[in-house]
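Participant: Below, each chain spelled out in residue letters.
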Amino acid sequence: MELIIYFSGVVFWALLAFLIRNRKGQIPVAALFVLWQLSFSGYLFTKLNTNWTSYFKNDALSVIFISVLSITAIFTMVNSFIYFQHRNEKPLIRSIYLLALMLFFGCMTGVFLSNNAGLLWILTEATTLAIAVLIYHERTIESLEATWKYVFVSTIGLSFSFIGIILLDLSLKGSGGVDLFFSSINHSLLINNAILFQSAFLLIVIGFSIKMEVFPLHTVCVDANSIAPSPISALFSTSLANVGFVAIFRFFKITTYTPMHAWASHVLYIIGALSILYAAIYMIRVKNYKRLVAYSSIEHMGLVALGIATGGLAWFAVILHLIYHSFTKSSLFFQLSQLIQMYKTKKLMGVGRYFKLNPLGGMVFLLAFILILGIPPSGMFFTELMLFKTMIEQGLLWLVIVIVLLLTIIIWIFTKQLFRILFKNLGQQQLSTIQPSPWYESIPQLVLLLFTFYLSIQPPDFLILLIQQAVLP
Amino acid sequence: MGMLFILLFFVSLFYIAISGRLFTVLNLLILQGLLLFGVAIIELNEINIVNLLIVLLETLIFKAWFMPNYLKKVVNRNNIKRQVNPYISGFNSLIIISVIIIGNLIFAYYIQNTFLKPAYIAAAFSGILTGLFLIISRKEILMHLVGYVVLENGIVLLSFSVGKEMPFAVNAGILLDILISVLIFGLFINKIGKMFEDMDITKLTSLSD
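Chains A and B, in that order, are what the protein sequence lines are. Residue numbering for the first sequence follows our numbering, beginning at 1 and increasing consecutively. Residue numbering for the second sequence follows our numbering, beginning at 1001 and increasing consecutively.
FYI, nobody ran anything at the bench for these hints, they're computed from the structure. Keep in mind that this is a model prediction, so the values were computed, not measured. Think of the CB as a built atom: it goes at the ideal place given N, C-alpha and C, for glycine as much as any other residue. Warning: the hint list may mix true and false statements.
[Claimed, not checked] Straight-line Cα separation of at most 25 Å, SDA-like style, residue types lysine to any residue; simulated pairs:
no. : chain 1 : residue 1 : chain 2 : residue 2
1   : B       : LYS1117   : A       : GLU2
2   : B       : LYS1164   : B       : ARG1021
3   : B       : LYS1139   : A       : ASN193
4   : B       : LYS1164   : A       : ILE141
5   : B       : LYS1164   : A       : THR140
6   : A       : LYS344    : B       : THR1205
7   : B       : LYS1164   : A       : ILE195
8   : B       : LYS1139   : A       : THR140
9   : B       : LYS1117   : B       : LYS1139
10  : B       : LYS1139   : A       : SER54
[Unchecked claim] Which residues of chain A face chain B? A partial, calculated answer using Cβ under 8 Å:
no. : residue
11  : PHE84
12  : HIS86
13  : LEU189
14  : LEU190
15  : ILE413
[What the hints assert, rightly or not] Sample of chain A residues with no beta-carbon within 12 Å of chain B, all distances over it, derived:
no. : residue
16  : ILE5
17  : GLY9
18  : TRP148
19  : LYS149
20  : PHE152
21  : ARG291
22  : PHE381
23  : PHE414
24  : LEU465
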């Protein structure tokens, strides 16, 4: 019942925002929608571990990620309106954006709550529909290309997952895998066909890798990320990546009940390591700062994939890591939106002296970079440390060394480009054309970053308890 | 009867791979839609009537009528009749498709399972792989769409073959089909057709580092 109310609310606000074409009129609707989303996630906190039919379940994992999603929603809405203000679009296009954005939030909430493999898959597919409209928002040839590639690859990838889910069900038939309801799966599964099971898991991981932005289907994500409006990129590489994580994590949990556990871990180790390798290699030659940040998402999700594979304490670490990553990466993207606005280019060559032109924005950048690179006191430093420690305990010292070397390369490139953005000198002629964006537009990002700092230094007890519950086998 | 349909499905895969004329390819898609309709009637007689009706409508109207005809309209409007030299020629394509089909037949018999009929599994996976092969070996976006439809047909066939045990899979498969096809066909072919006149994927290369 509660779910019906929530989803019909989402549809209602979305339609309302679509029908009101006036920007001033849309602001209260967007605010009410965010309030709706926040109050729903607050409600979920009070109703932990409730079942709505057998298809939806509210477990600790879903509560964590829905809360992260709702907090990001506040800032996404604020930044979307800042973005509109600078662009003067046609009212219809703006309405379509808001409609798609609200439905996108609804779909993602649904994915986090779904307790059935098939339902999870359908809702993930639905997020593709919504995000496609959002990526295409600017209506340029590049955005068309990015959308086309994303939709095409994403659909094919998700068709793979669908095949994987069918095969998984077949391979678990008669062994306690009750029609793939996650919460009712038997903790000691027998597999009646190992090859079917292995191909099923591979197909599922390949398919959802496009949502989680890890190897092998991550390339189109970088394209889409660099082209989409920045508030959307923020969601794209945080909340949507969390959707992919939740999907892969839930399926991986099934493998831990079977004799195939070690094999599945190896698959994810390979995927994680290759993602980080890919990110490091491509970052070296990157020329576009939005792509640089997009590659950083791939690196972080690669770390998360390693964490899923490692198990134990690493599961705890990666969920915490994802929370920090979501907030930091989204504020970074929000700030990039202003950078594009100011310099009118996404090329690294054309930017510089940001600290001078916009001191508060420069501070936001500096803070965000400290957090995202995992420099203490960033929370990501501790989660990465925890992850590496668990990996070393499992005898994977060599892999940790390789990963740390790759991370060093990434930190070097990031720092180099950060200094270029903040301090590089620009020619007089170039400087005269630049209109610095007003300082108050950086306030939302600053708030979000300070909140992340607070979470890093002192994660609240209830959050720790929730994560502990979420990683229970 | 079911076996005959499967056999025809295999033949249609061969024919799609070698055919250079776009209209022939689209007619073959109509044939595949009809074959799926037939398979659904034979295989899915045990699931409940509403589900069955949806499946039959989907295969007959959506797959065998709406989609191919829509693509034909696009072909006519853009005045493209033949494929421009694909990356892999017709004869080599034929060899690759044969390898795919034989490989899948071996795979299907190898994974013997009480819930699966080997011929159906082989046909489904051949469809999926042929679709992928078309996508990577052809240059026109239109042929990519055809490849995608063939891939989808394979998936629908797979979900039919397990439909008695998992009615849910059939519904989900069809949902996938309709949702995405509407998006891809309705929204993008129009836009892409307008922006890139000859709809060649070599035009889509502006995004890179």
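Participant: With reference to the structure, classify each hint as holding or not holding.
Facilitator: Hints and how they fare:
A threshold of 25 Å between alpha carbons decides the hint, and for B:LYS1117 with A:GLU2 the separation of about 42 Å lies outside it, so the pair is violated. With a C-alpha separation of about 38 Å, the suggested pairing of B:LYS1164 with B:ARG1021 is violated against the 25 Å cut-off. Straight-line distance between C-alpha atoms of B:LYS1139 and A:ASN193 comes to about 39 Å, which puts the hinted pair past the 25 Å bound. As the CA atoms of B:LYS1164 and A:ILE141 are separated by approximately 46 Å, the hinted pair breaks the 25 Å bound.
Taking the CA atoms of B:LYS1164 and A:THR140, the gap is near 47 Å; set against the 25 Å cutoff, the hint is violated. Taking the CA atoms of A:LYS344 and B:THR1205, the gap is near 22 Å; set against the 25 Å cutoff, the hint holds. Restraint check for B:LYS1164 and A:ILE195: satisfied, since their Cα atoms lie roughly 22 Å apart, inside the 25 Å limit. Under the criterion of a C-alpha separation no larger than 25 Å, the hint pairing B:LYS1139 with A:THR140 is consistent with the structure, at around 22 Å.
For the suggested pair B:LYS1117 and B:LYS1139, the alpha carbons sit about 35 Å apart, so the restraint of at most 25 Å is broken. A hinted pair counts as satisfied when its Cα atoms are at most 25 Å apart, and B:LYS1139 with A:SER54 does not qualify at roughly 46 Å. Taking 8 Å as the C-beta cut-off, the interface hint given for A:PHE84 is violated, the closest approach to chain B being about 22 Å. Taking 8 Å as the C-beta contact cut-off toward chain B, the hint placing A:HIS86 at the interface is violated, the least distance being around 23 Å.
The closest approach between the C-beta of A:LEU189 and any C-beta of chain B is roughly 16 Å, which is over the 8 Å cut-off, so the hint fails. Because the closest C-beta pair between A:LEU190 and chain B is about 14 Å apart, greater than 8 Å, the hint is violated. Hint on A:ILE413 is violated. Least Cβ distance to chain B is approximately 13 Å, over the 8 Å limit. With a least beta-carbon separation of about 24 Å from chain B, A:ILE5 lies farther than 12 Å from that chain, consistent with its non-interface assignment.
Distance check on A:GLY9: its Cβ is at least 22 Å (rounded) from any Cβ of chain B, clearing the 12 Å threshold; non-interface status holds. Not every beta carbon of chain B lies more than 12 Å from that of A:TRP148, the smallest distance being close to 6 Å; the non-interface claim is violated. A beta-carbon of chain B is positioned within 12 Å of the beta-carbon of A:LYS149; the least distance is around 7 Å. The beta carbon of A:PHE152 is not kept farther than 12 Å from every beta carbon of chain B, the shortest such distance being approximately 7 Å.
Once the 12 Å rule is applied to beta carbons, A:ARG291 is inconsistent with being away from chain B; the minimum gap is 6 Å. Against the 12 Å criterion, A:PHE381 stays outside the reach of chain B, whose nearest CB is about 29 Å from its own CB. Interface exclusion of A:PHE414 from chain B stands, the closest Cβ pair being 16 Å apart, more than 12 Å. No Cβ of chain B approaches the Cβ of A:LEU465 within 12 Å, the least distance being about 35 Å, so the stated non-interface status holds.
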